Amino acid sequence: MLNRIIKYSLLFAFVGLIMAGCKKLDSINHDPTKSTTTEPPYQLTAAEKTVMDVLYSTLQNGYIGMHYAQFWSGNTRVADSQYSLDEGNNGTLWSTLYAAVNNLNLIVALNANKTNVAAQNQNAIAGILKVWIMQILTDTYVNVPYTQAVNVGEYITPAFDDAKTIYNQLADSLSANINALDPAQPTFGDADIIFKGDVVKWQTLGHSLMLRLAIRMADADNAKAKSLIESHYQAAMTSNADNAEFAYLGVDPNRYPMDETNRRITDFFVSTTLVDYMRATNDPRLSIYARPVEGLTTDTIYGMPYGMSTTNPNRPSAASYPGTRIYAANMKGILMTYSEVAFTLAEAAARGYAVGSDAATYYEAGVRASMAYWGITDGVDEYLATVPYTGGEWKNVIGTQKWLSLYPQGFQAWFERIRLNFAKPDGSALFIAPVSGSLDQHVTLVPYRLTYPLSEANANNTNYTAAGSAIGGDTKGTKNWWITY
Amino acid sequence: MRSHVLTWLWLCFAIYCSIGPNRASANVNRPFPTFSAVTAVQQQPKDTTVKPSASPVVITPSASKPSTDTNKPATATPVTITPNNNNQSNKADTNKPAAAVITPNNQAKDTTKTDTTKPAAAVITPNNQASDSTRKDTTRPATATSDSTKKKATDTSALILPSDSNTLKQEIGQFTLHGVVKQPGGQPIPGAGVMNLSTHQGVAANEDGTFSIKASLKDTIKISAPTFGDQSIPLTSKDSLPVTLTSASTGKKQLQEVVVTALGIQRNTRAVGYAIEDVSGSAVQEAKEVNFVSSLSGKVPGLQVSSNTGSMGGSTKIMIRGTKSILGDNNAFVVVDGTPFVNTNVNQAGQQNGGGGYDYGSSLQDINPEDIENISVLKGAAATALYGSRGANGVMLITTKKRPDVGGGIGVTYSLNAQADQVSVLPHYQNLYGGGSGGKFEKLYYNEHPEAFLSESAATYDDNDGLGRYDLMPMYRADESWGPKLEGQLIRPYYSFDKDKGNPYFGQTTPWVAQPNNVKDFYRTGYTITNNIAMAGTNDKGYFRLSYGNMNQVFVLPNASNNRNNISFNGGYEVAKGLKASASVNYTAYAAKGRPGTGFTGPNPTLQFTMYGQRQLNIDMEKRYKYDDGSQITWNRTSWDNPTPLSSNGPYWNRYMDYETDSRTRLFGNVGLDYEASKWLTISGRVFMDSYNALQEERTAKDYLIGGYIKRVPTATELNYQLTANMKFDLGKDFKLNGVVGGNIMHRKTTVTGGTTVGGLIIPLVYNLNNSVTTATPYDEYTEKQINSGFATASLGYRNFLFLELSGRADWSSTLLSENNPYIYPAASASFVFSDLLKNWKWLSFGKVRASVSSVGNDTNPYQTDDLFTFLPGFGSNPMTQISNTKYTKQLKPERTQEYESGITLRFLDERVGLDFTYYRRKTTDQLLPISVSPATGYVTAWGNGGAVENKGIEASLNLNPIRLKNGFRWDIVANIARNKNKVLNMDIAQYHTSLTQQTIGTDRRTQRVSVIGQVGQPLGMLTGTDYVYNDKGERIVGADGNYLISDIKNLGNVYPDYTGGITNSFSYKGIYLSALIDFQHGGTFFSYTNMYGKISGLLDVTADNNVRETGIIAKGVKEDGTPNDVVLDANSYFINNENKTLSKANMYDASYIYLREVKLGYNLPEAWYKRFHAQSARLSLYGRNLWLMHSNAPNVDPSNILNSSSNIVGIEGGALPSVRSYGINLNVSF
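Top line first, the protein sequences correspond to chains Y and E.
Using this note's numbering, the letters of the first sequence correspond one by one to residues 1 to 485.
Using this note's numbering, the letters of the second sequence correspond one by one to residues 486 to 1716.
Any given hint might turn out to be false.
Quick list of in silico lysine-lysine cross-link-like pairs, BS3-like style, CA-CA up to 27 angstroms [unchecked claim]:
| hint | chain 1 | residue 1 | chain 2 | residue 2 |
| --- | --- | --- | --- | --- |
| 1 | Y | Lys-476 | E | Lys-1630 |
| 2 | E | Lys-1630 | E | Lys-1466 |
| 3 | E | Lys-1078 | E | Lys-1108 |
| 4 | Y | Lys-476 | E | Lys-1604 |
| 5 | E | Lys-1234 | Y | Lys-24 |
Now the stretches of chain Y that chain E is said to cover, found in silico as 3 or more residues with beta-carbon under 8 angstroms [claimed, not checked]:
| hint | segment |
| --- | --- |
| 6 | 34–40 |
| 7 | 154–168 |
| 8 | 244–254 |
| 9 | 313–324 |
| 10 | 437–449 |
Please keep in mind that the hints were generated in silico from the structure rather than gathered at the bench.
Being a predicted model, the structure only gives us computed values, none of them experimental.
Heads up, the beta-carbon is just placed ideally off N, CA and C, and yes, glycines get one too.
Build the full structure now, drawing on both the sequences and the hints.
Below is the structure:
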C-alpha cells in the first residue's frame, strides 16, 4: 500500500515538474514593471528638463561654463578654474545632450506610428530643440557626431561631422522646422514646460535661435550670417515676453539645479573680473549676481581673483558667493532671452547687416532687457550713460554687455567670450589668465573647447582619433571654425 | 550512452510540453518500468577502491552514509579495519585483501542488499595529509563483518549502518576486544590510549600497537594518541578492531579520498578526471570570519577570495581561475546541499567604483560556518558542466553536517568562539600641521565681535596695532590639513562658540597641538562571540541534526554591530523499504547596524580621517557631537558664527545620527525523496528553495541639513525542481558504469521595493517614507527568470584504475529567445591511476594523471531583449519618460567556454611528499557584453555577443612532511600556488559589424581617469590612466612651471595578480598543534584614493616629511631640455598639481603582498578534564586572523583589503577601511 502511495506521489511529482517546465520561457522575459511604449508629451517634458538640468548644474555650468566665462572662480577646488577638466562632468554633459537628442527623435518615431493630429507641430518643436542642443554640442567640442549620431542600430561608433557642415545642416533643419510649425494645429500643451505648446512662441524662438547660429559664424562665413540674420530678424524675439525659459517648480525633485535650499553651495566665488568691472560701472545687477562676503569682512561684495589657488599668499580668505537668486529653487533655466537677440542684432548692425535699426538702438534695448529681466528699474539710464554704445570698438562694447547679460548662462557666455575676444569698452583687458596658472598645457588664457569625453576615446576610438586630427588636435587650445582670430 | 540519454530526455520534454496533462500522466509510467522492483537497498553508487599493496583496508568514513544522501561529504578521519582472517571473500575475483564490509551485525542476513561484489575498499589516508582538526574525535559505528561469505563487498561503498539496538540487546555480556593502532603508513603507535567510554576503563597499546580491553557490544571505544586525531568507535562486533589514526595537524584535507563533485555526486578521487579541491569545515570554523568564505583565502590553489575586513561583513569576490567574462559576473556559483545560493551583488552601481555608498556584502554570510561539513571547489569547466550555465565561473559546493560529530545515537556538540578585533594597517599621518589652508590662522577681534568672547580680557592676543584683542581661529571650513604648524598656540577651537546653545565650552581656548592617535582612538576593540549548539543522531532508519548558532559582533566602529541567528535542521528517514525521505531546512536572520560607508562618501570614516580632515582634532571632544537641542557640533562649521556643517559631519555624528541598518531573513534548504527502484536504479526527486527578504535603511539626520531616508526591500526566491535517475551497472568483472540522468527547472524571482525621501524629512529623527517633504520616490524593480534543463552523466571505470566520464547538460533559458535555446554543455574527463601498474615502485605511493575537455556557457540576466522606457519622477502633473540608456537586443546567444585541463597527482616517499599539478586553458567566447558605446549613439550601453577571453594557468599544491618523529612530533607543510594568464583575444561583435578594441569595465568615480578595461591583446582588467611623460632615458619630464607633464590615458598595469598562493606550516605534538598560514599575491595594480586624497589634503606623513612645507618640493625629473628640474613648488601646490586626479600614475601601486593570515594553536584537553562534564571530547584553540602584513609595496593601505564590491570593478581603492586583525579562542565540546 505504502509503496503504491509512494509510487503515485512520485509520479505526480514528476508530472508536476514537467508541467512547471512547460511555461513559455519567452513570456517570462518581459519586464512587467517597465514600459515598452510611451507618448510624445512625456518624452518632451523629460528632454526639456534633462537638458536644462545639465546646462545649469553646478558641475557643468558651475565648473565649466561659469568658469570659462570667468564669472566664477573655485573656492577650495581651484584646479577647475585652472582648466583642469573634470572628466566626469565632461562626460555627463556629452551623454546627457545626446540622450536628449535621442529622446527627441523618439517623438518623431512615435508620431510616425500613429495618427496624431498634433504630430506635425510636435515633430517641429522637437526639431527646434534638437538644433538648440546640437549647436551647444558643436560649439563646445567642434566636430561632433551628427549625421550618424543617435542611430545605434546602424552606427554603434558614429563618425564625427565637420563643425561647419553641422552648422549649415542645423540652419537648414531650423528653417524647415520653423516652416513646419502651424499655429492652427494642436500641439503639446502643458507638457511643453517652456512655452506651454504656444506654437507662435516656438516660431519666434526658432527665428531667434537662427540669429544665434548666424551671428556665431559671422566672422567665418559673413555672407551666410548676413543672409540668415536679415531674413530672420524680424520674426525673432522682441521683448522679454518672448523669452524661452524652463520654469522649475521650486520643489523637489524639480528644483533649479544650482539651488541651495537643501545644502549650501560654497564651491564658487564670483570672480574679480566680474565684480570689479560691474562695480567700476556701478552696475545695478551686481547685487543680484553676487552677494556680500560672509564672515569676517564687512558686508561688501568682493570677487576672488580668477584661478587663484588656496596656497597663494595673496588669496583673500573669503569672497562673495553668487547671488541668492542665482541659487534659488525657482530660478528659471534660460534657453534664450530677448537681450541676446538685441545684442545679436546690435552686432549685426555694427557689421553692416540690414536689421532695421542701428547698433546703438539694439545695444540699449539689450541692456534694458537685461535689467528688466532681473527686475531692475532704477538706475538703468545712469548705467547706460556709463557704458554708452559709443564708448569704444563695437566688439568690446557689445561683447561686454552681452557677456554680462548672459549671466548665468555659462556656456553661451563662454562661447561669446571666445568668439568676440572682447576687452572692456575702453580697450583694456577684461579677462585674465588664471592667477595660479593654467594646469592645461594647451591653453593659458581660456580654453577654446572641451576635449572629447573619455567615452569617445574608449568606445569610439577610430572616429575619435580621426576627429581629433581633423580639428587640429583634441586639446582645449583648438579653436572652433567660427573663431577667426 | 550520453547522447542516448540526452535524446531521451529531450524527447520527454518535447512530448510532455506538446500534449495535454492527461496524456502526459498516462505516459509517465513508461520511462520507469522498474518502479515496482523494489528490492535493492539504498546504496550510494560511490567508488571506493582498494589499495592493493596495503594490508589494512581503510574505509573512508563518508562511506557510511546511506545512498540517498548524495550531499554527504567525505569527512573525518578514516577508520582502518583490518580484515579478519576468516574474512576472505570467496568471490573468485578477489585476490585483493578482503572486503571490509561493515554492516550492522545482525543485518548480515539481509545481504542481498549489501551487494558487495567487490572487495571494499579504500585507501590509506596519507599520513602527511592534513586532517580535519576539528573533527579529531570521530566515532564510527564500525563492525567488521563476521560472515563475509554472505556478503558481497560493495563495489561502491562499504556501507556502515548504525547498530540496530534491538538486536544488540541480545548480545549481553562482555568480551575481550583485541585491536591494533597504527599510523597510516602502517607503523604501530605504541602507547596509544584506548578507552572504553562506557566502562571508563582504559589501557595503553603495546609496543607493537596492539591492545586488549573488556567491552560489550554497543560500547564506544575511544583511541587517542598525541598529535593524532582521536577516534571513537562504537562496537557492533566482537571482531578485532584495527584503528588507523591520522595526524591532527592542519585543517585542510587536500587529498581526501572521496570528494563531492557536481550535483553532490560523491566520487573517489581516483575516478575524478579534473582538479577538485576539498576543504573541511574546520578550515572555516576554528579561526572564524563572519563570512566563512574569507577564511578560504590562501587555502585552495586557484581560488581567489578578496574581501574588505573593515566593512563588517562586506563583499567577498570569489574568483576561480581568473576572470573570464569581460562584463558579466565572474563570481563562483555557490551551492549548499544542492541548493543554489542566491549571492548576487546588491550594491548600488556608484558604490562599486569607489563612489560611495554602503557595501551590503555577500549574502553568503547567511551560512553558519558551524554547519559546514565540507566545501568542494569545482574549478574547471569539466567539473562544473553539470551545472550548465550557472557553473561557468566555477562552483563552490558546500555540504552541511548531518550527523553527530561523535558517536552513534545522539550527540551534542557545543562550540564557543570569542574573538577580539582591532584595526591594523592605518595610514601614516603627519602630526606637524593642523587643519586649514595656506598655513594660516584667522583672527577674531573682540572689538568687531564682542559677542564671541567671554570678555575682552579673555581674548588671548593683542598686537597693539589699535585693532584690539583677538583670538586665533583655525579655518574650520577647510577640510584639509594645510594649516599652521602645531606649536601649542592657543586657539579658539570649533566647539568654543554657539553661546546661544548654552555651550559650556563657550569662549575657551585650547592649545594647537598634535593628536597623533586621534584616528586610532576612534576605532574601538571589537568583539565577536559565536555560540553554536548542535544535536544529532543516527540510527538504521535515519539521521537528523539540529543546530542553533548565534553570532554577535560588536564592530570596531562605534555604534556598529552585527547579529546573526542560524537554525538548521537536516534529517533523513527511510519511510518505506527502498524509499528515503530527507529534508534540510536552514533559517537565518541577521541584523546589522552602523555598517560603515565605503568609498568617497560621508559615512566612510576614512573620508574625514584620511581623504579629508584636520589632523589636530581632539577625538574626545569630537564625542560631543550635538547640543541639547539636537543640533550638530562639527569641526567643519561654516564659520565661527555659523555652525552649519560645510561639507563634513563629525565622525560621531556620522556613527550615531546618520547610521544605516540592514537585516535579512532567509530560508533555504530542500526536501527530497530517493527511491531505490532496482538494484541498479535509484530515482531521486528534490525541491530546493532559497528565499530571502532583506531590508536596507539609510538615514541622514535632519538638522542643518534637510535629512533623508532610503529604504530598500530586496527579496529573492529561487526554486529548483530536480529529478534524477542514478544508475549503476557492472559490465563484466572489469568494467563498471555509473550514470545519472536528470532534469531541473530553475525559477527565480527578485524584487526590490522601497523608496527614497525627496526634499528632506519633515520631522527630524522619524525615518519613514511618508515623512518626506515631497512625495518619496519609490523603488519598484522586478525580475523573473527560468531555466529548464536536462542533464546526464556517465562514468565508466575499468579495474578501478582507469576511468572515463562523460556528461552533458542542456539549458533552455528564459533570458534568451527561444531560437537561441537550448544550449548544450558537454564535458569529458578521464583519469588513470598509473601507480596501480607500478606496484614495485616502492617509493611511489600513489600516482594519477587526469585530463578533461569541456564546453560550458553562461546565459544572462533577465530582460535584456526588449527596449524599455524608464519613468522619471513627474514634473508637477506632467509625466516624464526616457529611453533607457541601455540598448537591448533580441539577438543574444549564450556565452561559451571551452576548457582543456590536465593534471597529475603524486604521492611518494612513504607519503612524505604529495604533489598535485594542474594545467588548464580556457577560452570564453561569444561573451554577453553590455558594450559601452559612444553616448553619441543616444545610449551608454548596448547589449551584444562577441569577444573572446583566454585564461591559461597552472595550479600546484605540495604537501610535505619533513619531520615525523617516533615520539609523535610532526611537521607538515601544505603549500599551493596558482598562476593565471589572461588575454582578451578579440572583441568582435558580429551583430554590430564591428571589432572593438577595448571595453571599459568601470571608471573610478572621482578622478574619472582611471578605468578598468578589457583591451584586445591585453589581459582582462588592465588599469588605465594618465602617466608621467618620460624622456628617452626614462626620466620624468617636468614642464616649465615645475609640474610634471601628463600623458594621455594609457595602460598602467593589470589589476589581477600574476600568481597567488598560500603556505601552511603545522606542527603537532602530544595533542597540541600549531599551524600558521601565510598567503600571498604577486603582481596586480591598484589605484588608491587613500593616498591621493590623503596627500592633497595634507593628512599623510609625506606631506610634512623632510620639512617640505617649509622648503618646498622639487618634482623629481628633468626639464624638457634634459636638465634636472629645479623649480621649487610649495608642498600643497606640488601635491595638488602632481599627485592629484590628473596624474593617475602618482597613486598607482603594486598590489603584491605577503600576509601572515592565520595562526592556530590547538590543544586537545586531557580526558580527565572533560570527563567530569561527561563530555566525549573537548578541544581548545587560540587563533589569530589577518595578523601581520609582512610585505607590501603600497603605502597606507593593505592591498589585500581594498575591495569595494564583488563586481568586476577591481583595482580601484576607494578609501578602504582599515584592516581588522582578530585574536580569538575557540572551545569545542562534544557530548
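Here is what the structure says about each hint:
Restraint check: the Cα-Cα separation between Lys-476(Y) and Lys-1630(E) comes to about 22 angstroms, which is no more than 27 angstroms; the hinted pair holds. Among the hinted pairs, Lys-1630(E) with Lys-1466(E) is consistent with the structure: their alpha-carbon atoms are about 24 angstroms apart, no more than 27 angstroms. Simply put, Lys-1078(E) and Lys-1108(E) have alpha-carbon atoms about 19 angstroms apart, close enough for the 27 angstroms limit, and the pair holds. Only pairs whose Cα atoms come within 27 angstroms are accepted, and Lys-476(Y) paired with Lys-1604(E) is accepted, the gap being roughly 23 angstroms.
Between Lys-1234(E) and Lys-24(Y) the CA atoms are separated by roughly 16 angstroms; this keeps the pair inside 27 angstroms, and the hint holds. Figure legend: the segment 34–40 of chain Y, annotated as covered by chain E; annotation consistent (6 residues with Cβ-Cβ distances under 8 angstroms, at least 3 required). Coverage of the segment 154–168 of chain Y by chain E holds in this model, with 4 residues showing a Cβ closer than 8 angstroms to a Cβ of that chain against a need of three. By the rule of at least three residues with a Cβ nearer than 8 angstroms to a Cβ of chain E, the coverage given for the segment 244–254 of chain Y holds, with 5 such residues.
Counting residues of the segment 313–324 of chain Y whose CB lies closer than 8 angstroms to any CB of chain E gives 3, which reaches the minimum of 3, so the coverage claim holds. Coverage of the segment 437–449 of chain Y by chain E holds. Counting CB-CB distances below 8 angstroms, 3 residues qualify, and the rule asks for three or more.
Checked against the numbered hints given earlier, the structure satisfies every one of them.
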